[in-house]
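Undergrad: One letter stands for each residue in the lines below.
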Amino acid sequence: MITLKSNDGETFDIDETVAVELQIIKHMMEVGCSGGEIPLPNVAGKILAKLIEYCNKHVESGKAEEQAASDDLKAYDADFVNVDQATLFDIILAANYLDIKSLLDLTCQTVADMVKGKTPEEIRRIFCIKNDFTPEEEEEVRRENQWAFE
Amino acid sequence: MAYSFPEEVLEHVFSFIHTDKDRNSISVVCKSWYAVERWSRRRIFVGNCYAVSPVIVTRRFPELRSVALKGKPHFADFNLVPEGWGGDVFPWIATMARAYPMLEELRLKRMVVTDESLELISRSFKNFKVLVLSSCEGFSTDGLAAIAANCRNLRELDLRESEVDDLSGHWLTHFPDSCTSLVSLNISCLGSEVSFSALERLVGRCPNLRTLRLNRAVPLERLPNLLRRAPQLVELGTGAYSAEPRPEVFSSLEGAFGSCKELKSLSGFWDVVPDYLPSIYSICSGITSLNLSYATIQSPDLIKLVTQCPNLQRLWVLDYIEDSGLEALAAHCKDLQELRVFPSEPYGVEPNVALTEQGLVSVSEGCPKLHSVLYFCRQMTNAALVSIAKNRPNMTRFRLCIIEPQTPDYQTMEPLDVGFGAIVEHCKELRRLSLSGLLTDRMFDYIGTHAKKLEMLSVAFAGDSDLGLHHVLFGCESLRKLEIRDCPFGDKALLANAAKLETMRSLWMSSCSVSYGACKLLGQKMPRLNVEVIDERGPLDSRPESCSVEKLYIYRSVAGPRRDMPQFVSTMDEDSELRLS
Numbered sequence: 001m002i003t004l005k006s007n008d009g010e011t012f013d014i015d016e017t018v019a020v021e022l023q024i025i026k027h028m029m030e031v032g033c034s035g036g037e038i039p040l041p042n043v044a045g046k047i048l049a050k051l052i053e054y055c056n057k058h059v060e061s062g063k064a065e066e067q068a069a070s071d072d073l074k075a076y077d078a079d080f081v082n083v084d085q086a087t088l089f090d091i092i093l094a095a096n097y098l099d100i101k102s103l104l105d106l107t108c109q110t111v112a113d114m115v116k117g118k119t120p121e122e123i124r125r126i127f128c129i130k131n132d133f134t135p136e137e138e139e140e141v142r143r144e145n146q147w148a149f150e
Numbered sequence: 001m002a003y004s005f006p007e008e009v010l011e012h013v014f015s016f017i018h019t020d021k022d023r024n025s026i027s028v029v030c031k032s033w034y035a036v037e038r039w040s041r042r043r044i045f046v047g048n049c050y051a052v053s054p055v056i057v058t059r060r061f062p063e064l065r066s067v068a069l070k071g072k073p074h075f076a077d078f079n080l081v082p083e084g085w086g087g088d089v090f091p092w093i094a095t096m097a098r099a100y101p102m103l104e105e106l107r108l109k110r111m112v113v114t115d116e117s118l119e120l121i122s123r124s125f126k127n128f129k130v131l132v133l134s135s136c137e138g139f140s141t142d143g144l145a146a147i148a149a150n151c152r153n154l155r156e157l158d159l160r161e162s163e164v165d166d167l168s169g170h171w172l173t174h175f176p177d178s179c180t181s182l183v184s185l186n187i188s189c190l191g192s193e194v195s196f197s198a199l200e201r202l203v204g205r206c207p208n209l210r211t212l213r214l215n216r217a218v219p220l221e222r223l224p225n226l227l228r229r230a231p232q233l234v235e236l237g238t239g240a241y242s243a244e245p246r247p248e249v250f251s252s253l254e255g256a257f258g259s260c261k262e263l264k265s266l267s268g269f270w271d272v273v274p275d276y277l278p279s280i281y282s283i284c285s286g287i288t289s290l291n292l293s294y295a296t297i298q299s300p301d302l303i304k305l306v307t308q309c310p311n312l313q314r315l316w317v318l319d320y321i322e323d324s325g326l327e328a329l330a331a332h333c334k335d336l337q338e339l340r341v342f343p344s345e346p347y348g349v350e351p352n353v354a355l356t357e358q359g360l361v362s363v364s365e366g367c368p369k370l371h372s373v374l375y376f377c378r379q380m381t382n383a384a385l386v387s388i389a390k391n392r393p394n395m396t397r398f399r400l401c402i403i404e405p406q407t408p409d410y411q412t413m414e415p416l417d418v419g420f421g422a423i424v425e426h427c428k429e430l431r432r433l434s435l436s437g438l439l440t441d442r443m444f445d446y447i448g449t450h451a452k453k454l455e456m457l458s459v460a461f462a463g464d465s466d467l468g469l470h471h472v473l474f475g476c477e478s479l480r481k482l483e484i485r486d487c488p489f490g491d492k493a494l495l496a497n498a499a500k501l502e503t504m505r506s507l508w509m510s511s512c513s514v515s516y517g518a519c520k521l522l523g524q525k526m527p528r529l530n531v532e533v534i535d536e537r538g539p540l541d542s543r544p545e546s547c548s549v550e551k552l553y554i555y556r557s558v559a560g561p562r563r564d565m566p567q568f569v570s571t572m573d574e575d576s577e578l579r580l581s
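As you go down the protein sequences, you meet chains A and B in turn. Mapping of the first sequence onto the numbering used here: position 33 corresponds to residue 33, and the numbering continues sequentially without gaps. Mapping of the second sequence onto the numbering used here: position 51 corresponds to residue 51, and the numbering continues sequentially without gaps.
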């Protein structure tokens, strides 16, 4: 068993077979530093719980080989990312920090799908991004995009 | 609350975003997104090679793997662009050789590609995989030999419709024995015989070969051996499909085809002998694409073949198919999406086949998924066009070529305004339209009013006045490419809609009534447009302002006027007025 501790003091015991899904933990295990509680200052308990749930599910499904298990996993994944934007972004950051490849792929794909087909204005609104181009700079990029690369 | 993802996360998100439009959108969101986007962009499409320069491209996108470029305007296909006009890819290759050592794919259309360029490609890009040369020219089989010899990981070599200086078929032997990576090989445009044993060995050692388009010089007797070495083929272009009728050749062919369970697309069929057509019947039920545009067989044989292909989605065929063949097509091929009918005798004065507007009407009635049409014929009526429009509101590409210019509705002798008007009114998703027949300004009014999604329009021998051009420029909101020949369009509409030209990729006008003075004025007014006058009659300086120019090609560019113009091309920029006064 490996014990992880979130930045707000919650602890989680996870099986080694699940812990290796978190590449950062896997490396620690390989070099023998995984005893005791592993503190994760960048991850809140609420988010760590979700990540562990995801990893548990994927490790379980990995053992089953039928198509039904694979379809079930797809449905699970679709449901998993069906959360509010703030939570989704927290999950991405945590998955990136802990290096959980399949979760990072899933969440980044989800964000990419939010971006596809949208105008720059819409994208800025969705992600609360400030446009730091001057009007002239923006005009120049748009022109180059449309005239040269479309 | 603003989220700033670390760059590697942003890059990961962007790795799932592929279309040009989306990549362009994300680059404008903010400066950090622009930066991450430009470093992570791997493929670009440049619709007009002169709209941008190689330096601008390599400066903005340091890590490209795949580049697509288009050169000459579309009317080059009809020999309207003089030899030496431009579109040489060499400056691009030279710049990219330094900037993109990891380049993998190059797709070029209507560009001049020399052997020097091909040799440079073959030496500069260690991981080069895909070379597609579509309607290109300027190279010989020596250049192909360099590609074959040096590109160790070559997956695709596709020479579709290029003009190659075919010195010999020997170039194919330059593929080393270690080359096993080919997925697609299209040499259908080559004239001379390639070494058959080299070809057979090459095909045999490439287990992933999916597309093989042979040239005419590969005789029918050689085909079974090739097919037996590549039973996994999905797309096949045969060579000449003729031989003396011999039962053993036939059964060998039939057997070889029978073992190709994955075949979906067939082409080639030069000189086809009808006796040999049944050799492909066993695989017809799987065929989705059939290109018979070189098959000079008559309607009964075409009908026999086509009715065996219930899953046909695309058919390219000569007008030998006639109305009766198109009726059979409409009855049997319910999945048909694209139809192209080419003229067997385009320069003949009298019709040589029984192909009329009725054939197209039948197909439009019987094939609910038909959305892309190219149809050469000799007669048309407004009633037929209205039927077609009402039958197929899902039409996206409609190119009608009535062979004789300015042909009216043969029943009413009226212009075809109403018919084409119905097309643009009912087919709300129409993106591409080519007009022919007798057409007045009224037709253009219909286009400007209804064709809101139209992106490309080709016009020849049509219209009465500048009003026609004005309707199109003013009304067609999505217009990207406009090509016009032999129409009475002049200065007024062009100058009045000058700003519109910056929203389009290009405008081509030849044998119209645009004056030299108007071109100069346009060039001055619109400094970001390249207004290029093509005139082979001699220097422009001494021309009066009112003189009509031969040809005009106008396009927007972020790279300024080009520096590689031949002496018969002049750019009308802000300085030209000063220089010439």
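In short, the hints are calculated from the structure, not lab data. No experiment lies behind these values; they were computed from the predicted model shown. There may be inaccurate statements among the hints.
What the hints assert, rightly or not - What the simulated footprint calls covered on chain B by chain A, stretch by stretch (three residues with Cβ under 8 Å from a Cβ of chain A suffice, anywhere in the stretch; the number is not a length):
#1 11 to 17
#2 36 to 46
What the hints assert, rightly or not - Straight-line Cα separation of at most 20 Å, EDC-like style, residue types lysine to aspartate or glutamate; simulated pairs:
#3 A:Lys130 to B:Asp22
#4 B:Lys21 to B:Glu545
#5 B:Lys31 to A:Glu138
#6 A:Lys118 to B:Glu11
#7 B:Lys21 to A:Asp113
#8 B:Lys31 to A:Glu144
#9 B:Lys31 to A:Glu136
#10 B:Lys21 to A:Glu140
#11 A:Lys130 to B:Glu11
#12 B:Lys525 to B:Glu545
#13 B:Lys21 to A:Asp8
#14 B:Lys31 to A:Asp84
#15 B:Lys31 to A:Glu137
#16 B:Lys31 to A:Glu37
#17 B:Lys31 to A:Asp72
#18 B:Lys129 to B:Glu105
#19 B:Lys21 to B:Glu429
#20 B:Lys390 to B:Glu404
#21 B:Lys481 to A:Glu144
#22 B:Lys21 to A:Asp77
#23 A:Lys116 to B:Glu105
Idealized CB from N, CA, C, for every residue including glycine.
Undergrad: Hints first: check each against the structure and report whether it holds.
TA: Against the structure, the hints come out as follows:
no.	hint	in the structure
1	11 to 17	holds (count 6)
2	36 to 46	holds (count 3)
3	A:Lys130 to B:Asp22	holds, 19 Å
4	B:Lys21 to B:Glu545	violated, 41 Å
5	B:Lys31 to A:Glu138	holds, 9 Å
6	A:Lys118 to B:Glu11	holds, 18 Å
7	B:Lys21 to A:Asp113	holds, 14 Å
8	B:Lys31 to A:Glu144	holds, 15 Å
9	B:Lys31 to A:Glu136	holds, 13 Å
10	B:Lys21 to A:Glu140	holds, 16 Å
11	A:Lys130 to B:Glu11	holds, 19 Å
12	B:Lys525 to B:Glu545	holds, 16 Å
13	B:Lys21 to A:Asp8	violated, 43 Å
14	B:Lys31 to A:Asp84	violated, 26 Å
15	B:Lys31 to A:Glu137	holds, 10 Å
16	B:Lys31 to A:Glu37	violated, 41 Å
17	B:Lys31 to A:Asp72	violated, 41 Å
18	B:Lys129 to B:Glu105	holds, 6 Å
19	B:Lys21 to B:Glu429	holds, 19 Å
20	B:Lys390 to B:Glu404	violated, 26 Å
21	B:Lys481 to A:Glu144	holds, 18 Å
22	B:Lys21 to A:Asp77	violated, 28 Å
23	A:Lys116 to B:Glu105	violated, 25 Å
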